[in-house]
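Chemist: Which chain is which? The protein sequence lines are A and B, in order. The first sequence runs 0 to 119 under numbering that gives the first Met the number 0. The second sequence runs 0 to 157 under numbering that gives the first Met the number 0.
Hints listed in this document are in silico derivations from the structure and should not be mistaken for laboratory results. All of these numbers come straight from a predicted model, not from anything done at the bench. It is possible that some hints are incorrect.
[As the list claims (entries may be wrong)] Derived EDC-like pairs (lysine to aspartate or glutamate); straight-line CA-CA distance at most 20 angstroms:
1) A:LYS60 <-> B:ASP71
2) A:LYS9 <-> B:ASP102
3) A:LYS20 <-> B:ASP102
4) A:LYS89 <-> B:ASP102
5) A:LYS9 <-> B:GLU101
6) A:LYS9 <-> B:GLU78
7) A:LYS89 <-> B:ASP71
8) A:LYS9 <-> B:GLU57
9) A:LYS89 <-> B:GLU101
10) A:LYS1 <-> A:ASP48
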Amino acid sequence: MKVLIVDDSKAMRMIVQRTLKQAGFNNIQPLEANNGVEALQLVEQQSPDLVLSDWNMPEMKGIELLHALRAKGQQVPLGFITSESSPEIKQQAADAGAAFVIVKPFNPAAIEQAIKTLLV
Amino acid sequence: MFSNVEALQQIAVDVCQSMLGLPLQLIEPQPRAATPLLMACIEIHGEQVLMVEILAHEDLTQAIAEAMFAADRGSLSREEIRDAFGEVANMIGGNVKGMLGEDANLSLPFVSDAAEDDLSDHLQRISATFECCGYPMTFVIREVAIDQKLNRELAAVS
Chain A
0 MKVLIVDDSK
10 AMRMIVQRTL
20 KQAGFNNIQP
30 LEANNGVEAL
40 QLVEQQSPDL
50 VLSDWNMPEM
60 KGIELLHALR
70 AKGQQVPLGF
80 ITSESSPEIK
90 QQAADAGAAF
100 VIVKPFNPAA
110 IEQAIKTLLV
Chain B
0 MFSNVEALQQ
10 IAVDVCQSML
20 GLPLQLIEPQ
30 PRAATPLLMA
40 CIEIHGEQVL
50 MVEILAHEDL
60 TQAIAEAMFA
70 ADRGSLSREE
80 IRDAFGEVAN
90 MIGGNVKGML
100 GEDANLSLPF
110 VSDAAEDDLS
120 DHLQRISATF
130 ECCGYPMTFV
140 IREVAIDQKL
150 NRELAAVS
């Protein structure tokens with residue numbers, strides 16, 4: 000299973016990978032992107048099974064990435080892992096078709112609950 | 000202005016203890032040390048402009064980064080340490096923004112060497128100081144005057 004992790008923080012990309020393993024997802028091939036622009040390219044090239052994206056990033060925000068993916072006909076599930084916890088952000092994400100929004104800080108249980116039905 | 004000190008304390012604890020595994024002990028505010036300090040900042044642009052700041056000794060920021068990266072002691076670059084410290088500010092700022100109950104935008108975090116505290120710079124502020132790994136770490140939320148905000152924007156793009 001390929002999971003694309005999109006975050007401008009290398010430290011956070013490491014934490015997401017580690018938390019995925021802690022949640023029991025040990026057979027994941029992680030891909031990494033620094034922002035939405037890189038993520039778009041990687042989705043085209045690598046066809047990941049799931050995208051986990053931050054919201055606020057330089058170059059292209061996470062919500063812009065989601066819109067761009069769907070505009071290109073890419074239906075890969077995308078969930079947000081973000082420090083943005085406001086109801087408005089969660090509504091924007093839901094309206095755009097995001098699979099879920101996980102708010103930082105997060106734990107393995109939150110990851111497991113959000114993605115267990117997506118990575119089967 | 001975000002004035003809930005207890006909420007700020009809880010957010011700091013949630014981020015550092017639950018996410019990073021670094022225990023925090025609430026302490027009295029400490030005099031600013033002369034030794035190298037780093038400051039991680041993030042702005043919240045809503046009805047007011049708020050600056051969320053974290054001040055910590057360089058050695059503590061290294062410990063924070065090593066916890067985030069699960070890295071060996073002394074193995075991280077300066078950029079990686081600042082990236083990790085900025086991400087802590089990102090999480091604190093996002094949670095503070097979520098509690099404001101208003102439409103607001105969160106900036107990207109930035110990390111710099113800590114400057115002298117200019118009391119004329121802010122209108123209102125709250126703070127919480129913890130001990131972490133033997134060092135004090137201070138979390139501050141302050142309202143930024145508009146001209147200072149513009150000055151920081153100009154500084155950020157220069």
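Chemist: Each of the hints needs a verdict: does it hold here or not?
Modeler: Do the hints match the structure? See the list:
| no. | hint | result |
| --- | --- | --- |
| 1 | A:LYS60 <-> B:ASP71 | violated, 32 angstroms |
| 2 | A:LYS9 <-> B:ASP102 | violated, 28 angstroms |
| 3 | A:LYS20 <-> B:ASP102 | violated, 35 angstroms |
| 4 | A:LYS89 <-> B:ASP102 | holds, 13 angstroms |
| 5 | A:LYS9 <-> B:GLU101 | violated, 30 angstroms |
| 6 | A:LYS9 <-> B:GLU78 | holds, 10 angstroms |
| 7 | A:LYS89 <-> B:ASP71 | violated, 37 angstroms |
| 8 | A:LYS9 <-> B:GLU57 | holds, 19 angstroms |
| 9 | A:LYS89 <-> B:GLU101 | holds, 14 angstroms |
| 10 | A:LYS1 <-> A:ASP48 | holds, 5 angstroms |
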